[in-house]
Amino acid sequence: MSKTKNIIISGVGGQGILTASEILALCAMEENLDVKKSEVHGMSQRGGSVVSFVRFGEKVYSPLIEKGSGDVILAFEKAEALRWRGYLKKEGGVVIMNTLEIYPTTVSLGLDTYPENVEEEFKKYGVKTIVVDAVGLSIKAGDPRTQNTVLLGVLSNFIDFSVDTWIKVIKYRVPPKTVEANLRAFELGRSIKA
Amino acid sequence: MEKKFLSGNEAAARGAWEAGVHVATAYPGTPSTEILENVAKFKEVYAQWSPNEKTAFEVALGASIAGARAMVSMKHVGLNVAADPLFSASYTGVNGGFVIISADDPGMHSSQNEQDNRRYAKFAKIPLIEPSDSQEVHDFIKEAFEISEKFDTPVLFRLTTRISHSKGIVEVEDRKEIPLKEYKKIPEKYIILPAHAKKRHYFVEERTLKLKEYANTTPLNKIEWGDRKLGIITSGISYVHAREIFPDASFLKLGFSWPFPEKLLKEFLNGVERAIIIEENEPFLEEEIKFLGYNIEGKKFIPLVDELSPEVIRKGVLKEELERLPDGKGVKRPPQLCPGCPHIGIFYNLWRLRATVTGDIGCYTLGALPPYNAMDTTICMGAAVTNAHGFDVARGWDFTKKTVAVIGDSTFVHSGITGLADIVYNKGNSTVIILDNRITAMTGHQFHPGSGKNAKGEETKTLDFEKLAKAIGVDKVYHVDPHKLRETRKILREAMSTPEPVVVLSERPCALLPEERKKAKQRPKKVVIKDKCKGEKCMGCIKLGCPAISLRDGKAYIEPLLCVGCDLCQQVCPFDAIVEEGENV
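The listed protein sequences derive, respectively, from chains L and R.
Just add 5 to wherever you are in the first sequence, counting from 1, and you've got the working numbering.
Just add 73 to wherever you are in the second sequence, counting from 1, and you've got the working numbering.
Hints are computed from structural coordinates only; laboratory data are not their basis.
Here a beta-carbon is modelled for each residue, glycine too, at the ideal position from N, C-alpha and C.
Just to be clear, a hint being listed does not mean it is correct.
Straight-line alpha carbon distances no greater than 20 Å define the calculated PhoX-like cross-link-like pairs of lysine-lysine that follow [what the hints assert, rightly or not]:
| # | chain 1 | residue 1 | chain 2 | residue 2 |
| --- | --- | --- | --- | --- |
| 1 | L | Lys182 | R | Lys605 |
| 2 | L | Lys64 | L | Lys95 |
| 3 | L | Lys64 | L | Lys8 |
| 4 | R | Lys610 | R | Lys628 |
| 5 | L | Lys95 | R | Lys402 |
| 6 | R | Lys285 | R | Lys223 |
| 7 | L | Lys173 | R | Lys285 |
| 8 | R | Lys76 | L | Lys173 |
| 9 | R | Lys116 | R | Lys249 |
| 10 | R | Lys405 | L | Lys83 |
| 11 | R | Lys254 | R | Lys215 |
| 12 | L | Lys176 | R | Lys77 |
| 13 | R | Lys76 | R | Lys114 |
| 14 | R | Lys402 | L | Lys94 |
| 15 | L | Lys83 | R | Lys363 |
| 16 | L | Lys133 | R | Lys402 |
| 17 | R | Lys549 | R | Lys475 |
| 18 | R | Lys526 | L | Lys182 |
| 19 | R | Lys540 | R | Lys526 |
| 20 | R | Lys529 | R | Lys114 |
| 21 | R | Lys77 | L | Lys64 |
| 22 | R | Lys262 | R | Lys249 |
| 23 | L | Lys94 | R | Lys392 |
| 24 | R | Lys76 | L | Lys64 |
| 25 | R | Lys388 | L | Lys94 |
| 26 | L | Lys128 | R | Lys76 |
Quick list of simulated restraints, FRET-style, between CB atoms [unchecked claim]:
| # | chain 1 | residue 1 | chain 2 | residue 2 | range |
| --- | --- | --- | --- | --- | --- |
| 27 | R | Gly655 | L | Arg178 | 51 to 61 Å |
| 28 | R | Glu656 | L | Gly62 | 48 to 58 Å |
| 29 | L | Glu63 | R | Pro399 | 29 to 39 Å |
| 30 | R | Glu656 | L | Glu36 | 49 to 59 Å |
| 31 | L | Glu36 | R | Gly344 | 30 to 40 Å |
| 32 | R | Lys339 | L | Leu116 | 50 to 60 Å |
| 33 | R | Lys339 | L | Asp169 | 48 to 58 Å |
| 34 | R | Pro399 | L | Ser196 | 29 to 39 Å |
| 35 | L | Arg178 | R | Ala270 | 51 to 61 Å |
| 36 | R | Glu588 | L | Val168 | 35 to 45 Å |
| 37 | L | Ser167 | R | Lys336 | 15 to 25 Å |
When you get a sec, could you build the whole thing from the sequences and use the hints?
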């Protein structure tokens with residue numbers, strides 16, 4: 006039985022995390038795998054920290070990822086990568102992080118500090134760390150709302166799905182007017198090789 | 074067979090539709106909201122948002138008595154509101170199948186308590202069904218309607234956040250049309266006068282005995298034999314977490330967990346060397362099992378508090394943890410009022426006025442957090458209004474003139490109206506601010522009686538808050554636009570210093586509504602002129618608590634991705650350092 010893959014997608018409410026995790030999960034379904042995905046709605050979506058867990062493999066029971074078993078953290082915001090570090094497996098984990106930093110009001114009010122050297126905080130444990138300017142690439146793709154698709158493109162290099170699967174699901178799942186920009190965004194992300 | 078990728082809530086809607094449900098009612102509440110939203114999409118189903126869970130329950134029960142298959146859904150605390158009809162419904166029984174969905178919130182992701190509503194099933198003496206994932210939600214809800222009709226009982230169908238809001242693959246089927254059952258007038262069943270209720274109580278006890286037998290044979294309960302050294306007794310979401318940690322163990326998996334299947338338990342215990350109970354929150358199964366005389370442990374391993382997860386089970390039962398990297402230091406990122414949110418204007422002013430604020434349940438509970446810290450109490454739906462009156466009767470006018478109740482429009486309709494009548498009737502002097510943003514915002518924009526639209530999106534009458542307040546006996550009703558900061562502050566001062574009941578209607582639509590977003594797109598965004606900004610020394614705009622504004626290198630910075638171009642920051646900047654984009658050159 007092949008091992009279940011555990012992907013953590015994190016960021017800030019409103020960044021399109023739920024759409025991205027839906028696309029990933031539908032790809033797994035398209036590849037005839039069992040898949041579960043979990044996230045929390047409600048209070049946590051008002052600009053707060055948001056996370057979505059996606060798990061796929063031959064048979065998936067729990068929708069939750071156990072700490073220490075994550076294969077990839079895909080972070081839409083830098084500090085939101087670090088928050089979930091404990092979920093990554095000790096050996097062979099990967100983190101893909103957007104360069105975007107969103108400062109919460111707690112930092113401006115002096116109630117907390119924004120973490121420094123986030124990249125280094127992963128590299129020092131030997132984690133494969135990929136930093137992506139998803140904002141820049143999404144603008145290059147023609148629509149700043151395609152940041153999440155850029156990041157999925159980067160993620161696609163670490164998941165054993167066919168490119169056709171990704172393209173098929175993206176076409177099906179994004180708003181019709183944005184299909185072209187999203188496919189460009191996916192390609193730009195996918196061309197980033199670690 | 075067609076496969077879909079569905080959340081537990083979507084699966085509940087789909088399964089109910091397939092089961093031929095005719096009527097579905099609800100009041101929105103996380104994590105239950107999407108059940109009604111999804112069932113409303115099926116044209117064969119009459120679906121409605123109700124003003125609160127009690128009315129929703131009673132409408133659904135009425136429909137059942139009239140012969141329809143009916144369903145009501147709510148979050149766990151909603152069942153407290155609907156507890157009165159729940160206990161009566163157990164006695165009356167049903168005509169058409171009647172399913173009550175309670176979506177509990179272990180871990181309190183979006184709730185004020187962690188109550189375990191499985192206890193309501195036992196308390197009200199109705200069967201309890203606990204699915205473990207989306208597929209089971211879909212399959213079990215069809216079974217729930219059958220059980221309801223077969224045993225003449227409402228059925229409590231219990232979900233939790235991780236079932237409601239997790240998605241999985243579901244094999245779906247077509248709808249089976251079920252004709253309405255014949256309606257018969259049966260006073261001794263449906264009128265629970267004491268004389269009738271006495272007889273009905275005997276019926277309830279006999280029904281429970283029959284359900285107890287049925288629990289041993291229902292396909293919802295099963296033994297999954299594996300390694301016989303360890304047997305795990307579990308139900309609901311706990312099953313899937315436990316399966317991850319103990320893939321090879323034997324399981325007594327309960328999908329129908331009250332009344333408890335004693336014979337099945339005996340068979341299971343005879344087949345395993347050692348057994349434990351794995352369940353989230355309350356020791357519900359454990360108490361049943363111990364009462365039957367079996368000394369099986371559960372809460373010895375699994376905490377009472379917080380959400381269950383595979384790692385909690387590994388730690389609790391195996392006393393080990395996976396090797397892993399240390400937790401990273403995230404940045405505190407609590408939820409916040411949105412950029413352009415109407416509530417910002419109210420809470421900024423209440424902070425400026427140093428008011429004592431009795432609060433309520435909704436997005437605006439975030440007024441309790443920094444930078445406003447402008448809330449003193451939040452108890453339950455509607456309590457803002459009555460808590461304020463409690464403050465008034467306890468401490469008198471000198472205190473009340475600095476106190477306001479803050480309640481959302483949907484929450485006011487839910488449970489605030491009776492509180493306002495309480496104030497007027499008992500000669501109180503409280504000021505009540507109704508935050509009228511036209512919608513139930515927190516749960517993702519559901520219409521309510523003040524919205525002018527119903528669950529199907531059709532136009533309907535709009536509740537008039539001013540007329541309602543006046544009819545109750547409130548003579549002073551103010552209208553304010555909370556984004557006019559100075560004017561709002563002036564009116565709040567005036568309202569609070571008036572020694573009689575006052576209602577302030579704060580009127581501005583939720584900034585996330587489509588038409589408001591459209592307006593925001595057309596407005597130019599705001600930018601900071603760095604040379605004019607006094608930054609850390611001023612903090613004027615930071616104190617608005619707008620998520621778009623932060624301090625970068627000692628100066629205010631407005632994130633263009635977040636700014637919606639409202640002018641609140643311009644109104645509070647004493648140095649004219651904030652202008653429209655393009656203006657700063």
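Inset, instruction - Sort out whether Lys249 of chain R lies within 20 Å of Lys116 of chain R, counting only the CA atoms. - result: 14 Å, holds
Legend entry - Restraint check for Lys77 of chain R with Lys64 of chain L, where alpha carbons must lie at most 20 Å apart: 16 Å, holds
Inset, instruction - Check the following: the C-beta atoms of Glu588 of chain R and Val168 of chain L are separated by a distance inside 35 to 45 Å. - result: 39 Å, holds
Inset, instruction - Compare the distance between the alpha carbons of Lys529 of chain R and Lys114 of chain R with 20 Å, and conclude whether the hinted pair is satisfied. - result: Distance ~8 Å between Lys529 of chain R and Lys114 of chain R Cα, so the pair holds.
Inset, instruction - Below or equal to 20 Å on CA atoms is what counts here, so check Lys64 of chain L against Lys8 of chain L. - result: OK: Lys64 of chain L and Lys8 of chain L at ~9 Å, within 20 Å.
Inset, instruction - Return holds or violated for the Cβ distance of Arg178 of chain L and Ala270 of chain R against the range 51 to 61 Å. - result: Roughly 54 Å apart at Cβ, these two residues keep to the hinted range, so it holds.
Legend entry - Restraint check for Lys94 of chain L with Lys392 of chain R, where alpha carbons must lie at most 20 Å apart: 19 Å, holds
Inset, instruction - Would you check the hint for Lys549 of chain R and Lys475 of chain R, treating anything up to 20 Å between C-alpha atoms as holding? - result: 17 Å, holds
Inset, instruction - Verify the proposed pairing of Lys285 of chain R with Lys223 of chain R, using a straight-line Cα cut of 20 Å. - result: Judged against 20 Å, a Cα distance of about 14 Å means the pair holds.
Legend entry - Pair hint outcome, Lys176 of chain L versus Lys77 of chain R [Cα-Cα no greater than 20 Å]: Holds - the C-alpha atoms of Lys77 of chain R and Lys176 of chain L are around 17 Å apart, at most 20 Å.
Legend entry - Agreement of Lys83 of chain L and Lys363 of chain R with the hint, judged by alpha carbon distance not exceeding 20 Å: 50 Å, violated
Inset, instruction - Take a look at whether the Cβ-Cβ distance between Ser167 of chain L and Lys336 of chain R falls inside 15 to 25 Å. - result: Violated - the Cβ-Cβ distance for Ser167 of chain L and Lys336 of chain R, about 51 Å, lies outside 15 to 25 Å.
In terms of the numbered hints stated before, the structure departs from hints 1, 2, 7, 15, 18, 22, 26, 27 and 37, listed from lowest to highest.
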